[in-house]
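*Asks:* Using the hints, position chain B against chain A.
2 protein chains.
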Amino acid sequence: MKKYKRNQRIGALMKIFAEKPNYVFSYNYFSEIFNAAKSTISEDITIVKELVSELECGRIDTISGSSGGAVFIPYVSIKEKTEILSELCEVFSQKNRIVAGGFIYTTDLFNNPNVVSNIAKIIASEFNHIDIDYIITAETKGIPVAIMTAQKLNVPVAVIRRNNKVTEGATVSINYVSGSSKNIQTMSLSKRSLKQNSKVLIVDDFMKGGGTAKGMSDMMNEFNAEVVGTAVVIETLAPEIKLIDNYMSLLVLKNMDEKEGIIEIEPNMKLLK
Amino acid sequence: MKKYKRNQRIGALMKIFAEKPNYVFSYNYFSEIFNAAKSTISEDITIVKELVSELECGRIDTISGSSGGAVFIPYVSIKEKTEILSELCEVFSQKNRIVAGGFIYTTDLFNNPNVVSNIAKIIASEFNHIDIDYIITAETKGIPVAIMTAQKLNVPVAVIRRNNKVTEGATVSINYVSGSSKNIQTMSLSKRSLKQNSKVLIVDDFMKGGGTAKGMSDMMNEFNAEVVGTAVVIETLAPEIKLIDNYMSLLVLKNMDEKEGIIEIEPNMKLLK
Numbered sequence: 001m002k003k004y005k006r007n008q009r010i011g012a013l014m015k016i017f018a019e020k021p022n023y024v025f026s027y028n029y030f031s032e033i034f035n036a037a038k039s040t041i042s043e044d045i046t047i048v049k050e051l052v053s054e055l056e057c058g059r060i061d062t063i064s065g066s067s068g069g070a071v072f073i074p075y076v077s078i079k080e081k082t083e084i085l086s087e088l089c090e091v092f093s094q095k096n097r098i099v100a101g102g103f104i105y106t107t108d109l110f111n112n113p114n115v116v117s118n119i120a121k122i123i124a125s126e127f128n129h130i131d132i133d134y135i136i137t138a139e140t141k142g143i144p145v146a147i148m149t150a151q152k153l154n155v156p157v158a159v160i161r162r163n164n165k166v167t168e169g170a171t172v173s174i175n176y177v178s179g180s181s182k183n184i185q186t187m188s189l190s191k192r193s194l195k196q197n198s199k200v201l202i203v204d205d206f207m208k209g210g211g212t213a214k215g216m217s218d219m220m221n222e223f224n225a226e227v228v229g230t231a232v233v234i235e236t237l238a239p240e241i242k243l244i245d246n247y248m249s250l251l252v253l254k255n256m257d258e259k260e261g262i263i264e265i266e267p268n269m270k271l272l273k
Numbered sequence: 001m002k003k004y005k006r007n008q009r010i011g012a013l014m015k016i017f018a019e020k021p022n023y024v025f026s027y028n029y030f031s032e033i034f035n036a037a038k039s040t041i042s043e044d045i046t047i048v049k050e051l052v053s054e055l056e057c058g059r060i061d062t063i064s065g066s067s068g069g070a071v072f073i074p075y076v077s078i079k080e081k082t083e084i085l086s087e088l089c090e091v092f093s094q095k096n097r098i099v100a101g102g103f104i105y106t107t108d109l110f111n112n113p114n115v116v117s118n119i120a121k122i123i124a125s126e127f128n129h130i131d132i133d134y135i136i137t138a139e140t141k142g143i144p145v146a147i148m149t150a151q152k153l154n155v156p157v158a159v160i161r162r163n164n165k166v167t168e169g170a171t172v173s174i175n176y177v178s179g180s181s182k183n184i185q186t187m188s189l190s191k192r193s194l195k196q197n198s199k200v201l202i203v204d205d206f207m208k209g210g211g212t213a214k215g216m217s218d219m220m221n222e223f224n225a226e227v228v229g230t231a232v233v234i235e236t237l238a239p240e241i242k243l244i245d246n247y248m249s250l251l252v253l254k255n256m257d258e259k260e261g262i263i264e265i266e267p268n269m270k271l272l273k
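Chains A and B, in that order, are what the protein sequence lines are.
172 is the number that the numbering used here gives to position 172 of the first sequence; each next residue is one higher, with no gaps.
21 is the number that the numbering used here gives to position 21 of the second sequence; each next residue is one higher, with no gaps.
Worth double-checking, as some hints may not be accurate.
Copies of the same chain look alike in the list, so a pair counts if it works inside one copy or between any two.
Keeping only pairs whose Cα atoms sit at most 35 Å apart, straight-line, the calculated DSBU-like set for lysine-lysine is [to be verified]:
#: 1; residue 1: K3; residue 2: K208
#: 2; residue 1: K79; residue 2: K2
#: 3; residue 1: K38; residue 2: K259
#: 4; residue 1: K79; residue 2: K3
#: 5; residue 1: K254; residue 2: K270
#: 6; residue 1: K165; residue 2: K95
#: 7; residue 1: K49; residue 2: K2
#: 8; residue 1: K5; residue 2: K165
#: 9; residue 1: K165; residue 2: K49
#: 10; residue 1: K5; residue 2: K79
#: 11; residue 1: K273; residue 2: K2
#: 12; residue 1: K242; residue 2: K270
#: 13; residue 1: K242; residue 2: K259
#: 14; residue 1: K20; residue 2: K95
#: 15; residue 1: K270; residue 2: K38
#: 16; residue 1: K2; residue 2: K81
#: 17; residue 1: K214; residue 2: K182
#: 18; residue 1: K191; residue 2: K95
#: 19; residue 1: K259; residue 2: K195
#: 20; residue 1: K5; residue 2: K208
#: 21; residue 1: K182; residue 2: K199
#: 22; residue 1: K165; residue 2: K254
#: 23; residue 1: K165; residue 2: K259
#: 24; residue 1: K5; residue 2: K195
#: 25; residue 1: K49; residue 2: K5
#: 26; residue 1: K273; residue 2: K3
Just so you know, the hints here were simulated from the structure itself, not pulled from any lab data.
For reference, chain A alone in the conformation it holds in the complex:
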């Protein structure tokens, strides 16, 4: 069986932790894959713990006892958050993004894994300290952000759909009023999607009036689920009063001049404190 040197084990451990954040790996598991004594693994973890702290990318928690293990909890430093948000503002406000009707074309960004991964990093970092069972989103554009955030928090996603699908089994449907356009719309979620009494984080790409987020929150009532947080990538400055109260946005759309092709987007300053 293979034997690994210390620096190889450190490297492999960092890869394993990076690929599965918020997942508790047992010392036994590491002991087996590295063919090394638990005491050796324990020393390795101490080095990794210090490294993660020096890199300012999160922390390693160790769980003692016979079923002891270690888990990587990623956090984003204020410096990195500032850089990411400023990059996001730049790409989301590119001049040619305004399409007919005064909408902003953002589909390419929400389907770009590098952009989405940075967004997910920040959302996961903000909600790492809260107990969450599921991430909830509504199709379609928010799904990549939801799944990548879920990967970082190590929880599953439930996707609320606009229509019933035959493959979903029994579903719960509700009507909701879009916050800005006042249209009545339907959303449905498979009854199998969520266990009763779950704690959920709602994630969506965009919030104007907050109607969709309110609808998702109402849907959660039908599942006796508790909404422990709501995160949106972009909120519009107006209307100032949204249909829901507690939410966190990454970016604020302050103004858009369709004629001049100017989009003004700023980071949510609350995240940089």
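*Replies:* Chain B in isolation, oriented as in the chain A frame:
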């Protein structure tokens, strides 16, 4: 400025490579973040290269010259592939997955980041050697697999939608015939989604007759894009002749007995050679 020890740099390098596969990092970049000479970084990369090869999780390619750099190209070993596929067969064939109408409920699995990440690992591993500009999928269930595969291949995704959306700008729409139900359906894709003459990999959750995959392929013709591969998570054994020829599946649904609640799924053996 911080200085890092060799085992710390090895650890940090493995984290950086694991989080951004198929991305070329310059030696200058590493030199700056570690505050170390390029010759030191070069030695580190040699160690990391050997480690990745020993772990059988891919390879590190180095690009020489003034703009030199290093890139991690992940591969899945036959052993790991066998394990992943057998786990997937197990979860996809759980007895309680059959819903009214003889459909299989898979939504929870396609929204579970651990399951999706394993699926994406295999697809990316199979297509790592091919030049790909975009991953194409059709909403909704395949989106998580598409974005996670895209993350591993470091390319963007384009999502074909069932309906036009006002936020998509000008779109191309086509009609297609569902392979199994023979219904005529519409799909549309924003003109901004793809550059002309791109090479694309089609990714979808399920294939029965192959109608959706054929539709996506026809849509690609409208964008002068070349389909260099098609990957589906599950294909059904029947009908044996699909509407498209070249595709790769991870799992094969051999049989389903609605009355007895039995689902027979096997790994695609071609992947294990």
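*Asks:* Does each hint fit the structure? Answer for all of them.
*Replies:* Each hint tested on the structure:
1. K3 with K208: neither (56 Å within a copy, 46 Å between copies)
2. K79 with K2: Classified as between: cross-chain Cα gap 15 Å, same-chain 40 Å, threshold 35 Å.
3. K38 with K259: Result: close neither inside a copy nor across copies, 66 Å intra and 50 Å inter.
4. K79 with K3: Only across copies: K79 and K3 sit 19 Å apart there, 38 Å inside one copy, limit 35 Å.
5. K254 with K270: within (15 Å within a copy, 54 Å between copies)
6. K165 with K95: between (38 Å within a copy, 20 Å between copies)
7. K49 with K2: both (24 Å within a copy, 16 Å between copies)
8. K5 with K165: neither (53 Å within a copy, 55 Å between copies)
9. K165 with K49: neither (46 Å within a copy, 47 Å between copies)
10. K5 with K79: For K5 and K79, the Cα distance is within 35 Å both inside one copy (34 Å) and across copies (23 Å).
11. K273 with K2: Intra 47 Å, inter 24 Å, cutoff 35 Å: inter-copy only.
12. K242 with K270: Within one copy, since 18 Å is at most 35 Å while 53 Å is not.
13. K242 with K259: within (27 Å within a copy, 49 Å between copies)
14. K20 with K95: Classified as between: cross-chain Cα gap 28 Å, same-chain 37 Å, threshold 35 Å.
15. K270 with K38: neither (43 Å within a copy, 39 Å between copies)
16. K2 with K81: Only across copies: K2 and K81 sit 20 Å apart there, 40 Å inside one copy, limit 35 Å.
17. K214 with K182: Within one copy, since 13 Å is at most 35 Å while 38 Å is not.
18. K191 with K95: Between copies only: 17 Å across, 43 Å inside.
19. K259 with K195: Classified as between; 26 Å across copies, 49 Å inside a copy.
20. K5 with K208: Neither, since 54 Å and 49 Å both go past 35 Å.
21. K182 with K199: within (29 Å within a copy, 42 Å between copies)
22. K165 with K254: For K165 and K254, the Cα distance is within 35 Å only across copies (23 Å; inside one copy 37 Å).
23. K165 with K259: So K165 and K259 pass the 35 Å test across copies only (22 Å; inside, 41 Å).
24. K5 with K195: Answer is neither: 44 Å inside a copy and 47 Å across each miss the 35 Å cutoff.
25. K49 with K5: both (18 Å within a copy, 14 Å between copies)
26. K273 with K3: between (46 Å within a copy, 27 Å between copies)
Hint check: violations occur at hints 1, 3, 8, 9, 15, 20, 24; the rest are consistent with the structure.
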